[in-house]
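Let chain A serve as the given structure and place chains B and C on it in line with the hints.
Residue numbers (the numbering used here), protein chains in the order written: chain A, 2 to 293; chain B, 906 to 1111; chain C, 6 to 212.
Simulated from the structure, these hints should not be mistaken for laboratory data.
Owing to the predicted nature of the structure, the values given are computational and were not obtained by experimental measurement.
Don't take each hint at face value.
Claimed, not checked - With a straight-line cut-off of 20 Å between C-alpha atoms, the simulated SDA-like cross-links for lysine to any residue are:
id, chain 1, residue 1, chain 2, residue 2
1, C, Lys9, B, Thr984
2, C, Lys7, B, Leu993
3, A, Lys43, C, Val175
4, A, Lys31, B, Gly1108
5, C, Lys198, C, Met21
6, B, Lys928, C, Leu121
7, B, Lys934, C, Lys9
8, B, Lys934, C, Pro75
9, A, Lys289, C, Lys7
10, B, Lys934, C, His62
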Amino acid sequence: MKWYDRITRIDRRIIYLLLTSLVILPFFIKVTIPQNIMPQTKRLFDFIEAIPPNDKAVMISFDYTPQTQPECHPMAKSLLRQCFSRGIPVIGLSFDPQAPGLAVDALTSIVNEFDSLATSKEDSLVYGVDYVYLGWKSGRIAAQLDMGEDIGGVFPRDYFGALIDSFPLMNKVKNYKNVAIVVILASADYPLDWIRYPQTRYGVNVAAGLTAVMAPKYYPFVQTGQVSGLMSGMKGAAEYEKLVLDHGYARALGNAETGMNSQSMIHILIMIFIILGNVGYFFSRRQKGADK
Amino acid sequence: MSSDPWIWVGALLTLMIFSFLYKDNPFYKFGEHLFVGVANGYYIVFYWHNSLRPNLFEPLGAGEFIYLVPLLLGLMYFTRFIPKVSWLVRIPIGFMIGWGAGLSIPALFQAEVLRQLEGTVVAPSSFTNPMSGIWSLIILVGVICTLIYFFFSKEHKGILGHTSRIGIIFIMIGFGASFGYTVMARVSLLIGRIQFLLGPWLGLID
Amino acid sequence: MKRKIPLGICLIMGIMMIIQFFIPHPVSLGFASTIYKWVIVLMAFALVLAIGNLIRHHTLKIRKRKEDWPYSIVTLFGMTAMAVIGLIWGVDPDSLYQRIFLNILAPLGGTMFALLAYYMASAAYRAFRARSLEATLLLISAFIVMIGFMPFGQYVHTRFPAFAEWVMQVPNMASQRGILLGVAFGSIATALKIILGIERSWLGGKE
Chain A
2 MKWYDRITRI
12 DRRIIYLLLT
22 SLVILPFFIK
32 VTIPQNIMPQ
42 TKRLFDFIEA
52 IPPNDKAVMI
62 SFDYTPQTQP
72 ECHPMAKSLL
82 RQCFSRGIPV
92 IGLSFDPQAP
102 GLAVDALTSI
112 VNEFDSLATS
122 KEDSLVYGVD
132 YVYLGWKSGR
142 IAAQLDMGED
152 IGGVFPRDYF
162 GALIDSFPLM
172 NKVKNYKNVA
182 IVVILASADY
192 PLDWIRYPQT
202 RYGVNVAAGL
212 TAVMAPKYYP
222 FVQTGQVSGL
232 MSGMKGAAEY
242 EKLVLDHGYA
252 RALGNAETGM
262 NSQSMIHILI
272 MIFIILGNVG
282 YFFSRRQKGA
292 DK
Chain B
906 MSSDPWIWVG
916 ALLTLMIFSF
926 LYKDNPFYKF
936 GEHLFVGVAN
946 GYYIVFYWHN
956 SLRPNLFEPL
966 GAGEFIYLVP
976 LLLGLMYFTR
986 FIPKVSWLVR
996 IPIGFMIGWG
1006 AGLSIPALFQ
1016 AEVLRQLEGT
1026 VVAPSSFTNP
1036 MSGIWSLIIL
1046 VGVICTLIYF
1056 FFSKEHKGIL
1066 GHTSRIGIIF
1076 IMIGFGASFG
1086 YTVMARVSLL
1096 IGRIQFLLGP
1106 WLGLID
Chain C
6 MKRKIPLGIC
16 LIMGIMMIIQ
26 FFIPHPVSLG
36 FASTIYKWVI
46 VLMAFALVLA
56 IGNLIRHHTL
66 KIRKRKEDWP
76 YSIVTLFGMT
86 AMAVIGLIWG
96 VDPDSLYQRI
106 FLNILAPLGG
116 TMFALLAYYM
126 ASAAYRAFRA
136 RSLEATLLLI
146 SAFIVMIGFM
156 PFGQYVHTRF
166 PAFAEWVMQV
176 PNMASQRGIL
186 LGVAFGSIAT
196 ALKIILGIER
206 SWLGGKE
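Bound conformation, chain A alone:
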């Protein structure tokens, strides 16, 4: 076998082994390469920075699944840190049936983190006052549209079964008029429904934190301003973690930032393999041409 044939036939087990090793290795070699922040991530951050404290709420639609947790979960945590640090009330909800468990996890961990640092009772976060999780609802387009009239009509009870009329926050936020922005953290096309329906009907501001697979599709909406900010995959999450850290809303970088070094290594590895495959293909084709 010629050398160029050999480089196109590397055993898949070698590829798997190299891939695994290069994901693991960067966790033990601490190198911090500064993140360059993409403009659409900064736009979302700035949008939330401009919301006055204790005024309108930020609605977070947790629509990602365990399958895409490494990309979207850090986004949720950073976003919550920013909102809670700035005194912006948060209303969580979900339309993906696999999302509620992750939403509860993100909210609980960040609330516990804030409460552990609170020096007085006033400093701690109160469920129903500072945040609420409405839970999951079927018929998402209908639910999104009906919330424009009355959120309580769609979600009479929260995820845990409590009547939402009992929450001071939900007495203040009756519909989208009291929602500054809806941020959809999703692993499927959920933001598209928010853009098509409640935004067209009620003019609600929409932003998104998406898995990298979906992000390119949303660039046209960013350009028209229909999407007020966009976090794209683990990179977007790492950028947001950095912005939140730089503004003093977090004490350390999170999982997305630490994963970016592995991400870089794997990108280089995959590119090397694609180049090897192509070099082999080019030479074997040239050889075949010469043989003819």
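Quick look at chains B and C alone, frame taken from chain A:
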């Protein structure tokens, strides 16, 4: 290494699924079937707690009998299991399809046609910054040529052939970018699992 | 009757939903709101039906002793156990239901998708060839994104990340928008055909 039994359960299930990389095996099949079962059991809880109870049975219990309509329509879905009256399933389907189609027409037209065309228009104001003016022109050309590429009612010859050729160039750049992003996404998911195994389970990283 | 009634309902619903969109009068809003509430319930029923189908599929598999039937017991057991736990003991952050979600469901789902990284790397190596101008462009664009959006991209050239962002915002955006517009036109046409009863495949069957 973790002393939390739950972490161990998570780690062992992770390894069971990873075993598929070697080949299909009973451990993987077990994990796969457990996932489907637990996921559906998980859904049942909030189909009840989050939808049917608060949005149907509680209003009905409070005397709002208008909710008998969606209850009846919903029950019609199950007629598909009774051959004699199985056609009744078409009624809730017709209701839902008509509703969705009617709602989508104005919404799509506004959000995905008008607003997108608005964003594509090149006006003199686009050239206040000459570079962004040029980019706007490229976008305009790209959008038109991509649309022409997907226009199959006429043979792609002459001017149509040239423009669709430019269209395919734009489409390929778009697909390439999407591929790059897909690599990023898939690798992220692997990193997440490795982070879990190295951190919470083995305790080798923070 | 078996076809006309559903088609009639579809037509009426379609037209009413279009009309209400343009009339923000309280009567129209009230009507739309009622319909939305019904749709929420109907969608929940559709999901219950899906679960019913799953149970039927696995029970049949066990009863007929089809290939891999013991795994169907795992599925049915997992489903029943999870549903009972959630319905009886609740869904609080420290409930057993939430623990099972985080420690069984999440690792299983997460790892299934993590496998894709291996297959994608292997497939890209074997199939990603610059065979034509189009394929070469695809390859170059993918490389620009893969380098430009990683932290090391700035060491290739200080302006490389900005160039990658330009690729996303200009040529990528143009093609995505072209596709988006095409799909939107197609969807609107299909929706109209459904409402007017030209597209009837959703009726299924002959009768």
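Comparing the hints with the structure gives:
no. : hint                : verdict
1   : C/Lys9 / B/Thr984   : holds, 18 Å
2   : C/Lys7 / B/Leu993   : holds, 8 Å
3   : A/Lys43 / C/Val175  : holds, 19 Å
4   : A/Lys31 / B/Gly1108 : holds, 16 Å
5   : C/Lys198 / C/Met21  : holds, 16 Å
6   : B/Lys928 / C/Leu121 : holds, 14 Å
7   : B/Lys934 / C/Lys9   : violated, 46 Å
8   : B/Lys934 / C/Pro75  : holds, 10 Å
9   : A/Lys289 / C/Lys7   : violated, 65 Å
10  : B/Lys934 / C/His62  : holds, 17 Å
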